[in-house]
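Chemist: Read off the chains here:
Protein chains: 4
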Amino acid sequence: MNTSRIEAFSDGVIAIIITIMVLELKVPRGADLSALVPMIPPFMGYVLSFIYVGIYWNNHHHLLHTTKQVSGSILWANLNLLFWLSMFPLVTNWVGENHAASVPTACYGVVLMLAALAYWLLQRMIIAMQGPQSLLRRAVGHDWKGKFSPALYLLVALLWFIPDRRIEHVLLKP
Amino acid sequence: MNTSRIEAFSDGVIAIIITIMVLELKVPRGADLSALVPMIPPFMGYVLSFIYVGIYWNNHHHLLHTTKQVSGSILWANLNLLFWLSMFPLVTNWVGENHAASVPTACYGVVLMLAALAYWLLQRMIIAMQGPQSLLRRAVGHDWKGKFSPALYLLVALLWFIPDRRIEHVLLKP
Amino acid sequence: MNTSRIEAFSDGVIAIIITIMVLELKVPRGADLSALVPMIPPFMGYVLSFIYVGIYWNNHHHLLHTTKQVSGSILWANLNLLFWLSMFPLVTNWVGENHAASVPTACYGVVLMLAALAYWLLQRMIIAMQGPQSLLRRAVGHDWKGKFSPALYLLVALLWFIPDRRIEHVLLKP
Amino acid sequence: MNTSRIEAFSDGVIAIIITIMVLELKVPRGADLSALVPMIPPFMGYVLSFIYVGIYWNNHHHLLHTTKQVSGSILWANLNLLFWLSMFPLVTNWVGENHAASVPTACYGVVLMLAALAYWLLQRMIIAMQGPQSLLRRAVGHDWKGKFSPALYLLVALLWFIPDRRIEHVLLKP
Numbered sequence: 231m232n233t234s235r236i237e238a239f240s241d242g243v244i245a246i247i248i249t250i251m252v253l254e255l256k257v258p259r260g261a262d263l264s265a266l267v268p269m270i271p272p273f274m275g276y277v278l279s280f281i282y283v284g285i286y287w288n289n290h291h292h293l294l295h296t297t298k299q300v301s302g303s304i305l306w307a308n309l310n311l312l313f314w315l316s317m318f319p320l321v322t323n324w325v326g327e328n329h330a331a332s333v334p335t336a337c338y339g340v341v342l343m344l345a346a347l348a349y350w351l352l353q354r355m356i357i358a359m360q361g362p363q364s365l366l367r368r369a370v371g372h373d374w375k376g377k378f379s380p381a382l383y384l385l386v387a388l389l390w391f392i393p394d395r396r397i398e399h400v401l402l403k404p
Numbered sequence: 231m232n233t234s235r236i237e238a239f240s241d242g243v244i245a246i247i248i249t250i251m252v253l254e255l256k257v258p259r260g261a262d263l264s265a266l267v268p269m270i271p272p273f274m275g276y277v278l279s280f281i282y283v284g285i286y287w288n289n290h291h292h293l294l295h296t297t298k299q300v301s302g303s304i305l306w307a308n309l310n311l312l313f314w315l316s317m318f319p320l321v322t323n324w325v326g327e328n329h330a331a332s333v334p335t336a337c338y339g340v341v342l343m344l345a346a347l348a349y350w351l352l353q354r355m356i357i358a359m360q361g362p363q364s365l366l367r368r369a370v371g372h373d374w375k376g377k378f379s380p381a382l383y384l385l386v387a388l389l390w391f392i393p394d395r396r397i398e399h400v401l402l403k404p
Numbered sequence: 231m232n233t234s235r236i237e238a239f240s241d242g243v244i245a246i247i248i249t250i251m252v253l254e255l256k257v258p259r260g261a262d263l264s265a266l267v268p269m270i271p272p273f274m275g276y277v278l279s280f281i282y283v284g285i286y287w288n289n290h291h292h293l294l295h296t297t298k299q300v301s302g303s304i305l306w307a308n309l310n311l312l313f314w315l316s317m318f319p320l321v322t323n324w325v326g327e328n329h330a331a332s333v334p335t336a337c338y339g340v341v342l343m344l345a346a347l348a349y350w351l352l353q354r355m356i357i358a359m360q361g362p363q364s365l366l367r368r369a370v371g372h373d374w375k376g377k378f379s380p381a382l383y384l385l386v387a388l389l390w391f392i393p394d395r396r397i398e399h400v401l402l403k404p
Numbered sequence: 231m232n233t234s235r236i237e238a239f240s241d242g243v244i245a246i247i248i249t250i251m252v253l254e255l256k257v258p259r260g261a262d263l264s265a266l267v268p269m270i271p272p273f274m275g276y277v278l279s280f281i282y283v284g285i286y287w288n289n290h291h292h293l294l295h296t297t298k299q300v301s302g303s304i305l306w307a308n309l310n311l312l313f314w315l316s317m318f319p320l321v322t323n324w325v326g327e328n329h330a331a332s333v334p335t336a337c338y339g340v341v342l343m344l345a346a347l348a349y350w351l352l353q354r355m356i357i358a359m360q361g362p363q364s365l366l367r368r369a370v371g372h373d374w375k376g377k378f379s380p381a382l383y384l385l386v387a388l389l390w391f392i393p394d395r396r397i398e399h400v401l402l403k404p
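For the record, the sequence lines run as chains A, B, C and D. Just so it is clear: in the first sequence, position 149 is 379 by this note's numbering, and no numbers are missing. Just so it is clear: in the second sequence, position 118 is 348 by this note's numbering, and no numbers are missing. Just so it is clear: in the third sequence, position 151 is 381 by this note's numbering, and no numbers are missing. Just so it is clear: in the fourth sequence, position 96 is 326 by this note's numbering, and no numbers are missing.
These are computed hints drawn from the structure, not numbers from a lab. None of the hints are false.
No copy is singled out in the list; a pair is fine if it fits within one copy or between any two copies.
Derived lysine to any residue pairs resembling SDA-like cross-links, with alpha carbons at most 25 Å apart: (1) 256 x 266; (2) 256 x 344; (3) 256 x 343; (4) 256 x 310.
A quick note: this is a predicted structure, and the numbers were derived from the prediction, not measured.
In isolation and in its complexed conformation, chain A is listed as follows:
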């Protein structure tokens, strides 16, 4: 199997993910400006997730661009990545409905982290298949950024699981 197939399928899935997130934005109740106020948190969540998915789509293609062939394990590593990306609309919506709540925000962080891990795993498998002269390996190098991001997401997720009443207090002040 060559990469064009896996790219076309991934493109389709990512295009759908990025678009169905907007379905979660419910039509405002009422027809005046004040009806837009409760739209702000879910809208900001949509913007953030749109950017995240956009970044993944961008990187995903640079990743697949370096390889010519696809093995069964790469295929499943890719499906694993798509699975976690497909969780974005759900957690985005959950955070949007419960802004400043710790559990939804932590779950959002966990999904981000698992997507980052899935991406890193896919990268490892492509490097493994390409062997010691791997083009991707040289491009990626020691990949501090790739190893660092999942750890950072984990830290953020943990931060949100630990209730910090001071922050909440400050946030809720007018």
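Fit chains B, C and D to the supplied structure of chain A, relying on the hints for placement.
Modeler: Chains B, C and D only, in chain A's frame:
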């Protein structure tokens, strides 16, 4: 990155946007002809948005046809355009549920304007990358149409924000 | 613009239409066999629409296969066809919720007819662009089938608009 | 018609099926950890269906890879397969809402079985068209796996239709 990837992804996103708008058309309540009457405003809104998205799809491809290469900034300018196009189903539905209401119609105008601005920005970036011999620059020329439309949309949006009771009065007359 | 673009976009839209129809099939209430009984009419409607959209997808590609170039008018004739196909999920669902009701069935017939007309129009425009040596013209010939189907759909739609109490009487008998 | 068209269309439909299943995962009610508990059964159902659809997508491409040409009967056999795959989100959701209920689980088994049969039928038609020197026939061989799976799914479906109170008793124990 060449243009075929960005075209395929944009095609996917636009195909989904144009199709999910129809999901907002709820099945009529009842099974007689009178059940079709409340369907008319959302149906007309769907027709209008279908035409708008169709125009964007058409122009988008002529735009990308003039360039061979895609930079990171073009990619994000394109995602910005897709973002505003993805807002069409939401504002279409809001206008459809509140016909002749000023705030939803103004928001519709704002989204149209931001999509037009995003399109114009994408066009500028392709011209900038192509340099002084830009094929697109010559095709576009001074581009009065492109500069004029966002301004016009803004005007329409402002018109709808300013309540004009006389128009409302005329519209509500039998 | 060559045909590959319009084919890819139409493929995307038709793939979405054929798939979102299934979203209208609501999960049965309850977990026993009797919960499946009210599913039968919408399920049959889904099967019928799936076949219709499948036929259109099949014919659409044979149609575009005969042409190499696409003009602006062909593009809009194609969008017109996609528009009426996008109405299939809605009317399918309406018929499914109100089986044996005349108005929803007539509307279903009207949408089928308008889709058939849109297809015939697209065919005419491709023939017109190809000129007197048109490959499609010879393949289609006098096209009795193409001209006959919209008329037949119209007849069926009219039949359903005229209430026939005898048929209803027979249908409602146990 | 060559295979690239049917592959692109199938890719689109499968990409949509795999993604819309996530729409069935409703946002948890509440914002604490206990709100995640009722999410576990539908989430596990989503994971399972994601894997099933992933397997079909993988096999589907290996299948179409062996053939160069597509006949009308192959096209319809493929649409038949896509039809049963499109039923996955619905039965997944039904099982997810009624875990350990026998009828939904049996229906899930029936849909899996009909999808497996549709796949086997598509395979037979490609072999038939390729004639005695069929590349696919040699690759598939006697295909015990292909013949066995539908029978196994049927068995599982039957097992779930026959109420086994002992199992239910054990499952419902804390």
